[in-house]
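> Below, each chain spelled out in residue letters.
Number of protein chains: 2
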Amino acid sequence: MTLASESIAQPVDAAKFKQFEPLIAKYNEAKWAQMKEFDAKFLELCRSKIPSDAVLDAEPIDARKFVTSAGLLSESEAQIVNEFSIKELLDKQLAGELSAEQITRAYIKSAIIAQLATNCVMQFLIPSALERAKELDLYLKENGKLFGPMHGVPISLKEQMGYKGQVTCASYVSLIDNVVKKSSVSIQIFDKLGAVFHARTSQPQAIMHLDTWNNIIGRTRNPCSTRLSPGGSSGGESAMVAMHGSAIGIGSDIGGSIRCPAAFTNVFGLKPTTKRLSSMNGISGGRGQESIPSTEGPIARSIQDLEYFMDVYLNQGKPWEYDPTSLVIPWRPAEVEEKIRIGVLFDDNLVTPHPAVKRALQQVVSQLGEQFEIVDLADSWFSQEEMLAIHNTTLSLYTIDGNRSQLELISPSGEPILPLTKHFLNFGQGKELSIYDNRKLNIFRDSTKLALLERFFSQSPTSKKLHFILSPTYPAPSEIPGNSLYWGYTSFWNLTDYPNVVFPTSYTHDPKLDSLPPTQLKQNEFEESVWSNYNPDAYVGGPVGLQLTGKRFDDERIVQAVKKITSVLK
Amino acid sequence: MTLASESIAQPVDAAKFKQFEPLIAKYNEAKWAQMKEFDAKFLELCRSKIPSDAVLDAEPIDARKFVTSAGLLSESEAQIVNEFSIKELLDKQLAGELSAEQITRAYIKSAIIAQLATNCVMQFLIPSALERAKELDLYLKENGKLFGPMHGVPISLKEQMGYKGQVTCASYVSLIDNVVKKSSVSIQIFDKLGAVFHARTSQPQAIMHLDTWNNIIGRTRNPCSTRLSPGGSSGGESAMVAMHGSAIGIGSDIGGSIRCPAAFTNVFGLKPTTKRLSSMNGISGGRGQESIPSTEGPIARSIQDLEYFMDVYLNQGKPWEYDPTSLVIPWRPAEVEEKIRIGVLFDDNLVTPHPAVKRALQQVVSQLGEQFEIVDLADSWFSQEEMLAIHNTTLSLYTIDGNRSQLELISPSGEPILPLTKHFLNFGQGKELSIYDNRKLNIFRDSTKLALLERFFSQSPTSKKLHFILSPTYPAPSEIPGNSLYWGYTSFWNLTDYPNVVFPTSYTHDPKLDSLPPTQLKQNEFEESVWSNYNPDAYVGGPVGLQLTGKRFDDERIVQAVKKITSVLK
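These protein sequence lines are chains P and G, in that order. The numbering used here applies: residue 279 is where the first sequence begins, and numbers increase by one. The numbering used here applies: residue 279 is where the second sequence begins, and numbers increase by one.
Keep in mind the hints are simulated off the structure, nothing from the lab. Where hints are given, some of them may not hold.
Note: identical chains are not told apart, hence a pair may lie in one copy or across any two.
[Said to hold, decoys possible] Heads up, simulated BS3-like pairs for lysine-lysine below, C-alpha to C-alpha not over 25 Å straight-line: (1) K848 to K596; (2) K470 to K294; (3) K553 to K470; (4) K596 to K553; (5) K636 to K370.
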């Protein structure tokens with residue numbers, strides 16, 4: 279029995295929650311109204327071709343086909359959302375071959391398909407997106423040039439990002455009518471760069487699941503296999519991007535929330551070194567918490583689009599002009615070594631990865647073959663004992679205020695505490711520690727950060743320095759809803775603030791090849807929680823995305839390395 | 279009556295403290311032994327010319343004359359320490375006109391004079407400095423090039439910086455025999471760059487006074503007027519640098535600890551944006567505290583030396599290769615505007631500056647005249663009410679762990695709690711707050727940081743953006759020992775993490791011109807504490823240093839602006 283099969287929790291305060299139910303209903307009706315108003319016939323057609331929620335929830339359906347081959351989009355629409363990179367979209371607008379409105383309409387359609395298939399949308403912004411697209415077309419016509427480097431490019435936004443004049447609730451029911459006055463800095467930047475915003479996507483309750491499930495819209499499905507989870511907390515984004523519902527999306531990551539979703543849905547995700555992108559004017563239950571900072575980052579279908587996003591965001595957007603907590607570090611030209619030295623972490627010494635993950639990693643390593651130097655980290659990685667100390671520190675830091683900040687946002691609505699929220703609130707036993715304790719944990723965190731630098735990324739008499747570390751993103755190839763229990767493969771890099779890119783592989787869980795659990799389990803509670811009920815049939819269609827890590831502020835170099843790796847893998 | 283005239287506090291635990299007294303005596307004897315061993319005759323000569331401690335403590339003696347004109351140094355020694363910039367020292371070594379040993383010997387002599395006049399040294403490193411200098415001379419001879427960009431340049435070090443194989447106690451008596459295994463990252467860097475380390479300088483108890491007084495060596499005097507304070511907590515450094523006892527010094531600043539000492543002793547000091555320089559492997563009672571981060575920074579006799587220090591530290595030293603918490607931001611070429619727009623803050627709306635400070639600021643502003651655009655911030659600065667909220671937030675954050683981290687270092691020796699330590703421990707009433715409260719204060723801090731950016735450093739419909747803000751460094755022209763009570767003019771910029779350079783003016787307190795307190799005092803406890811006993815005669819010889827602030831990460835631009843300002847003031 280899995281968490282997912284437990285009945286979803288009851289409201290903590292049923293009477294209070296009852297008062298919010300009409301607001302939730304209204305919130306969700308607005309979505310239907312916008313889809314209908316945009317194109318009622320198209321909506322009808324989609325509903326006829328896309329299975330019901332019940333079927334999607336029960337079957338391992340690859341929902342991406344509804345965009346790529348189900349005939350729901352016209353040929354030209356399909357070409358726009360399936361074939362063109364961001365740069366091509368810009369070139370074609372400049373050449374007069376496509377208009378911003380055509381692009382926007384195509385992406386609105388694919389976003390509607392995404393919504394029907396995966397339930398990834400919190401709020402559509404269809405009317406304003408169309409208006410914006412028309413303005414951009416007019417601008418290009420009148421000025422003979424693009425408005426900016428994201429002219430007419432539809433971007434999807436994790437809903438926790440403040441959006442001026444719109445409800446921004448971050449999936450907290452208590453904030454269901456919280457209309458904000460300021461857009462998040464990233465939205466302000468992309469607005470100035472010419473982007474179009476057509477959809478705001480879902481995040482889980484508390485924004486702290488590696489899954490996407492909340493009390494406002496329910497659960498989001500994985501496009502690769504609809505009965506699976508799209509990951510989280512940016513699972514609305516990963517579903518949207520994987521469904522080709524936007525050209526690129528913005529998520530955020532404090533424990534894996536960009537990288538797990540990217541891996542689970544077979545797309546690219548970057549968790550940059552923190553403070554390079556701005557998170558200002560967003561809602562978060564961890565506001566003011568600085569021990570493990572969160573960061574925004576892109577989720578994309580290609581490493582080129584992801585790189586372009588970072589380039590224009592930093593070099594033309596200059597977040598530091600809006601947000602004084604942002605670092606003044608442009609997106610810098612970067613090179614990688616002729617022969618890249620990659621340390622491979624097959625196992626973090628706490629939780630054994632699933633057979634599919636192990637197989638994918640082995641295959642990738644053998645494909646990289648001669649062109650890369652591969653160093654197996656099995657003997658040099660932190661021991662189980664060290665990793666327990668590190669992971670428990672991470673867990674304690676997430677809940678170190680005794681969850682007061684989170685409960686302050688959750689409690690006022692009386693909403694049910696979902697199973698993975700409960701799981702999270704119980705990290706570090708949910709204990710409130712003292713500021714003194716917090717400092718000691720910060721010091722321990724920094725010693726881990728230093729150990730990483732000295733053991734792996736510095737030349738030493740006994741070992742060559744690594745350029746990058748390749749590892750699983752998550753123990754499983756995607757996950758059963760409600761079952762994303764172990765964060766360690768990603769949260770380790772949040773504690774230490776080393777940047778990573780997750781990239782898709784061509785490997786997918788295969789119940790025939792990947793049926794056997796490890797013969798011997800490690801003796802720790804995390805291993806046990808992951809392996810207690812291994813059911814290889816449940817993971818059908820789950821893709822394996824891998825995680826490449828570099829030194830702090832080596833974001834640019836990691837992107838270059840992933841380009842090189844993925845070109846070899848092709 | 280001033281705090282300074284109170285008798286120094288009794289040991290908290292006299293029996294315990296008694297056990298440490300022989301260790302303290304031994305620690306201080308080593309200093310005498312090194313001076314004697316270096317040159318007993320020279321020491322004798324110095325003692326004959328420099329007044330006794332009692333006289334120095336009682337009179338407003340300008341001790342700088344002992345280096346510049348008292349005949350204690352030979353002509354060539356005097357030239358080395360009084361006339362040459364760092365770059366000239368390098369050039370002359372390369373040209374064979376000076377050796378590292380000559381330079382080191384001259385600076386050791388001036389450091390000995392500095393010690394006798396101001397009591398600024400915790401520990402000399404004379405034998406190893408001489409040995410190092412000889413090695414450098416040999417290197418140059420054998421290789422025909424300098425070892426590095428600080429070849430043979432004597433640098434003084436705030437003692438809290440770890441020094442491999444030496445006691446590092448940060449003025450905590452409990453650590454008086456704490457021999458450390460690792461040098462601080464900055465020392466490692468300057469070692470690689472070819473510097474010579476000959477002296478480690480004093481800091482106050484808890485490293486949290488704007489003064490320099492501890493239970494190991496007592497109080498440090500101000501070279502400009504020996505009965506005054508050299509500021510703190512890097513007052514050992516400021517005294518040393520102002521006495522020409524080192525070519526340049528390294529201090530640290532969490533509330534004014536580089537800038538007050540620089541202003542009090544008429545030299546330059548930079549508090550960079552945090553995390554640009556590394557503070558790794560140092561001792562601090564605030565370790566693990568992240569709400570108001572501390573930073574290291576240079577104290578120098580010229581802005582050119584200061585700039586050179588930053589350039590080689592960042593561009594050749596690359597602290598991020600040692601310290602993974604350091605930002606990867608090189609020292610960048612920077613330009614300032616043709617006509618610089620400076621907002622002038624004559625008064626922070628909490629504490630009225632002394633007449634001497636006001637006069638200096640007014641004079642400087644009128645000297646800047648046509649070449650700069652001056653904007654008086656009187657009407658646009660934060661109100662008294664806002665400033666109270668901001669300053670009280672700062673004070674609370676300093677002691678937010680209920681001083682547990684500090685007391686853990688102070689208590690084991692039973693050492694007396696000095697009056698300014700008591701003053702500091704009582705910031706925010708010394709109350710231990712919760713992590714939840716800490717987060718709220720962090721959020722408030724960031725809103726202040728943002729308000730600064732939006733109100734002053736951004737273009738708006740109603741105002742032009744400022745390039746820099748010019749303000750007092752401290753309410754008084756230097757300070758009476760034990761009387762540095764109000765930190766607001768500097769700590770404001772620690773809370774918000776905006777970088778500043780302090781530069782000397784030619785203005786000094788004049789009891790005739792500066793005798794009158796303000797006719798009307800502001801109604802708040804800080805104003806009251808500063809003005810309750812104004813005695814204009816006490817400040818004779820106190821110089822006024824001013825503080826120039828720029829946007830976060832505009833460190834390079836501030837340095838350029840200070841160059842321009844000081845060239846106009848000349």
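> With reference to the structure, classify each hint as holding or not holding.
Hints, one by one, checked against the model:
1. K848 to K596: Neither. Shortest intra-copy (34 Å) and inter-copy (37 Å) distances fail the 25 Å Cα cut-off.
2. K470 to K294: Neither. Shortest intra-copy (41 Å) and inter-copy (65 Å) distances fail the 25 Å Cα cut-off.
3. K553 to K470: For K553 and K470, the Cα distance is within 25 Å only inside one copy (20 Å; across copies 30 Å).
4. K596 to K553: both (12 Å within a copy, 20 Å between copies)
5. K636 to K370: Answer is neither; intra-copy 42 Å and inter-copy 62 Å both fail.
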